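Novice: Top line first, the protein sequences correspond to chains A and B.
FYI, in my numbering the residues of the first sequence are 1 to 191.
FYI, in my numbering the residues of the second sequence are 192 to 287.
It should be emphasised that the hints constitute simulated quantities derived from the structure, not laboratory data.
Keep in mind that the hints are not guaranteed to be accurate.
Distance windows between CB atoms, simulated [unchecked claim]:
| no. | chain 1 | residue 1 | chain 2 | residue 2 | range |
| --- | --- | --- | --- | --- | --- |
| 1 | B | Ser-252 | A | Tyr-59 | 50 to 58 Å |
| 2 | A | Tyr-161 | B | Lys-269 | 22 to 30 Å |
| 3 | B | Thr-265 | A | Tyr-59 | 58 to 66 Å |
| 4 | A | Glu-21 | B | Glu-250 | 19 to 27 Å |
| 5 | B | Asp-255 | A | Glu-96 | 53 to 61 Å |
| 6 | A | Tyr-39 | B | Gly-232 | 28 to 36 Å |
| 7 | B | Phe-253 | A | Val-116 | 16 to 24 Å |
| 8 | B | Gly-228 | A | Gly-92 | 40 to 48 Å |
| 9 | A | Lys-83 | B | Thr-265 | 24 to 32 Å |
| 10 | B | Ser-252 | A | Tyr-161 | 49 to 57 Å |
List time: in silico DSS-like cross-link candidates among lysine-lysine, alpha-carbon distance up to 30 Å [what the hints assert, rightly or not]:
| no. | chain 1 | residue 1 | chain 2 | residue 2 |
| --- | --- | --- | --- | --- |
| 11 | A | Lys-80 | B | Lys-267 |
| 12 | A | Lys-26 | B | Lys-225 |
| 13 | A | Lys-80 | B | Lys-277 |
| 14 | A | Lys-82 | B | Lys-277 |
| 15 | B | Lys-224 | A | Lys-26 |
| 16 | A | Lys-26 | B | Lys-269 |
| 17 | A | Lys-138 | B | Lys-277 |
| 18 | A | Lys-83 | B | Lys-277 |
| 19 | B | Lys-263 | A | Lys-26 |
| 20 | B | Lys-277 | A | Lys-188 |
| 21 | A | Lys-143 | B | Lys-242 |
| 22 | A | Lys-188 | B | Lys-225 |
| 23 | A | Lys-26 | B | Lys-267 |
| 24 | A | Lys-26 | A | Lys-138 |
| 25 | B | Lys-225 | A | Lys-82 |
| 26 | A | Lys-138 | B | Lys-240 |
| 27 | B | Lys-242 | A | Lys-82 |
| 28 | B | Lys-224 | A | Lys-143 |
| 29 | A | Lys-188 | B | Lys-242 |
| 30 | A | Lys-80 | B | Lys-251 |
| 31 | B | Lys-267 | A | Lys-82 |
| 32 | A | Lys-80 | B | Lys-240 |
| 33 | B | Lys-225 | A | Lys-83 |
| 34 | B | Lys-269 | B | Lys-242 |
| 35 | B | Lys-263 | B | Lys-277 |
All values reported here derive from a predicted model rather than from experimental measurement.
Quick reminder that beta carbons are idealized off the backbone N, C-alpha and C, glycines included.
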Amino acid sequence: MENTKKWDEAESIQLIRSMIETTRYKVYADRFIYFMWGYATFICASLHYLLAYVLNYPYAYVVWLAMPVLAVVHFVMIGKRKKSSPVSTFTGRVMEGVWGGMFMGIFALIIASFHVGWEAIYPVFMLLYGTACFATGKAIQFKYLVWGGMASVVCGTVAFYQPFQYQLLLLMLAILVSYILPAHLMQKSEN
Amino acid sequence: MFKDLDPLLHSQLRLAIVSLMMNVDEAEFNFIKKKTGATSGNLSVQLTKLKDAGYIAVEKSFRDNFPLTTCKITLKGKDAFEEYVKALVGYIQVKK
C-alpha cells in the first residue's frame, strides 16, 4: 500500500470499511468445531438409545466416554490456534467467554450428576447448548445459530418432563438444530 | 467551518493501520503487513510515526526465540480516529 498517493474522502471511508471487514470474526473458521461436537454428540446419543432401549445393553452409557477424548482434542486445537494467532479481537474474547462458560457449566453438571442423577442433567445440557448458540448467533448476527439456540432451549424445557429415553431423543434433536444444521449453513463468503 | 482532517491519519497506509487497530485488541506486525499489503520498511516507518504521535503503543518481545512486534491502539489514537471520521462525514455531506 502506497503512502503518498493523492486521494479523497470517499476513498478514506472505503479504506476504513475494507480494513474493518478484514478483521471481522468469521464463524465459518470455527465450522469444524461445530461439526465435531455436533456429530459426536449426535452419534453418542443415538448409540446410547440403540444400546439401552433396543438392545437392552446395561452399560450403554459407556459411549459417552468418547466425550473427554474429544474435549482433549478440542482444547489442544484451540490452544495451538490461539498461540499462533497474530491478532486478538473483542469478538474473539466474547466467543471465549460464551463457550468457556458453557464448558464450565457442563463440567460442573457432570460432577453434580453423581448426586442428582442423569435424568436431571440432560435437560440442563440442552439449555446450556442453546444459550451458548443463541448468544453466539446474536453476537455475530447469524440467524441459524439464534434459531437453533432457541430450539435447543425448548427441547431442554420439554425434556424436564420426559423419561430418560425421550430425553435422549430430544438431545439428538437439540444437537441437530443448534450445532449440525447451523454448521452446514455457514457460508465461507458471508460468515 | 470544516474541521481540518488530521494529516497524520489522512494518509492511506496510516489510516489503514489505525482502522485495523480500531477493530482489534492487539495485532502482530506481520498481521498488519498482510492486511495492508505494505512493505516491511514502509510499515515500520508509519508505525513509528503513529507511535511518536501517541496513537498506537508498540511492544517488542520474543516468541520461540524470534522477535515479535505487537501493536495496540491507544485512547488518544481512538479519539483521533473518531474525530477524523466525523470530519470525513462532514466533508462528504457537503459534497453531496
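Novice: With reference to the structure, classify each hint as holding or not holding.
Specialist: Evaluated hints:
1. At roughly 52 Å, the beta-carbon separation of Ser-252(B) and Tyr-59(A) lies within the given 50 to 58 Å, and the hint holds.
2. A hinted range of 22 to 30 Å is violated for the C-beta pair Tyr-161(A) and Lys-269(B), which are about 51 Å apart.
3. Roughly 60 Å separates the CB atoms of Thr-265(B) and Tyr-59(A), a value that falls within the hinted 58 to 66 Å.
4. A hinted range of 19 to 27 Å holds for the C-beta pair Glu-21(A) and Glu-250(B), which are about 26 Å apart.
5. For Asp-255(B) and Glu-96(A), the hinted distance range of 53 to 61 Å is not satisfied, since their beta carbons lie about 23 Å from each other.
6. At roughly 48 Å, the beta carbons of Tyr-39(A) and Gly-232(B) sit outside the given window of 28 to 36 Å.
7. Between Phe-253(B) and Val-116(A), the C-beta spacing of about 49 Å breaks the proposed range 16 to 24 Å.
8. The hint said 40 to 48 Å for the Cβ distance between Gly-228(B) and Gly-92(A), and at roughly 23 Å that hint is violated.
9. Checked against the given bound of 24 to 32 Å, the beta carbons of Lys-83(A) and Thr-265(B), roughly 26 Å apart, stay inside it.
10. Taking the beta carbon of each, Ser-252(B) and Tyr-161(A) are about 56 Å apart, inside 49 to 57 Å as hinted.
11. Distance restraint check for Lys-80(A) and Lys-267(B): the Cα-Cα separation of roughly 34 Å exceeds the 30 Å cut-off, and the hinted pair is therefore not satisfied.
12. Restraint check for Lys-26(A) and Lys-225(B): the C-alpha separation of about 18 Å stays at or below 30 Å, so the hint holds.
13. Using a Cα cut-off of 30 Å, the hinted pair Lys-80(A) and Lys-277(B) is violated, with the two alpha carbons roughly 40 Å apart.
14. Of the pairs offered as hints, the one joining Lys-82(A) and Lys-277(B) is violated, with about 35 Å between alpha carbons and a cut-off of 30 Å exceeded.
15. For the hint pairing Lys-224(B) with Lys-26(A), the CA-to-CA distance comes to about 20 Å; that is within 30 Å, so the pair holds.
16. With a CA separation close to 24 Å, the supplied pair Lys-26(A) and Lys-269(B) stays within the 30 Å bound.
17. Annotation: proposed proximity of Lys-138(A) to Lys-277(B) holds, straight-line Cα distance about 28 Å (limit 30 Å).
18. For the given pair, Lys-83(A) sits about 37 Å from Lys-277(B) by alpha-carbon distance, which is inconsistent with the 30 Å threshold.
19. The hinted pair formed by Lys-263(B) and Lys-26(A) meets the criterion: a straight-line CA distance of about 22 Å does not exceed 30 Å.
20. For the given pair, Lys-277(B) sits about 33 Å from Lys-188(A) by alpha-carbon distance, which is inconsistent with the 30 Å threshold.
21. The suggested pairing of Lys-143(A) with Lys-242(B) is violated, with an alpha-carbon distance near 40 Å, which exceeds 30 Å.
22. Of the pairs offered as hints, the one joining Lys-188(A) and Lys-225(B) holds, with about 20 Å between alpha carbons and a cut-off of 30 Å not exceeded.
23. With a CA separation close to 29 Å, the supplied pair Lys-26(A) and Lys-267(B) stays within the 30 Å bound.
24. A threshold of 30 Å between alpha carbons decides the hint, and for Lys-26(A) with Lys-138(A) the separation of about 14 Å falls inside it, so the pair holds.
25. With a CA separation close to 18 Å, the supplied pair Lys-225(B) and Lys-82(A) stays within the 30 Å bound.
26. Of the supplied pair hints, the one linking Lys-138(A) and Lys-240(B) is violated, its CA atoms being roughly 38 Å apart against a limit of 30 Å.
27. Between Lys-242(B) and Lys-82(A) the alpha-carbon distance is near 26 Å, which keeps this suggested pair within the 30 Å criterion.
28. Restraint check: the Cα-Cα separation between Lys-224(B) and Lys-143(A) comes to about 33 Å, which exceeds 30 Å; the hinted pair is violated.
29. Annotation: proposed proximity of Lys-188(A) to Lys-242(B) is violated, straight-line Cα distance about 36 Å (limit 30 Å).
30. Distance check on the hinted pair: Lys-80(A) and Lys-251(B) sit about 22 Å apart at the alpha-carbon level, within 30 Å; holds.
31. For the hint linking Lys-267(B) to Lys-82(A), the alpha-carbon distance of about 28 Å falls within 30 Å, and the restraint holds.
32. The straight-line distance between the Cα atoms of Lys-80(A) and Lys-240(B) is roughly 34 Å, outside the 30 Å bound, and the hint therefore fails.
33. For the hint linking Lys-225(B) to Lys-83(A), the alpha-carbon distance of about 18 Å falls within 30 Å, and the restraint holds.
34. For the hint pairing Lys-269(B) with Lys-242(B), the CA-to-CA distance comes to about 13 Å; that is within 30 Å, so the pair holds.
35. This hinted pair checks out: Lys-263(B) and Lys-277(B) have alpha carbons roughly 22 Å apart, not beyond 30 Å.
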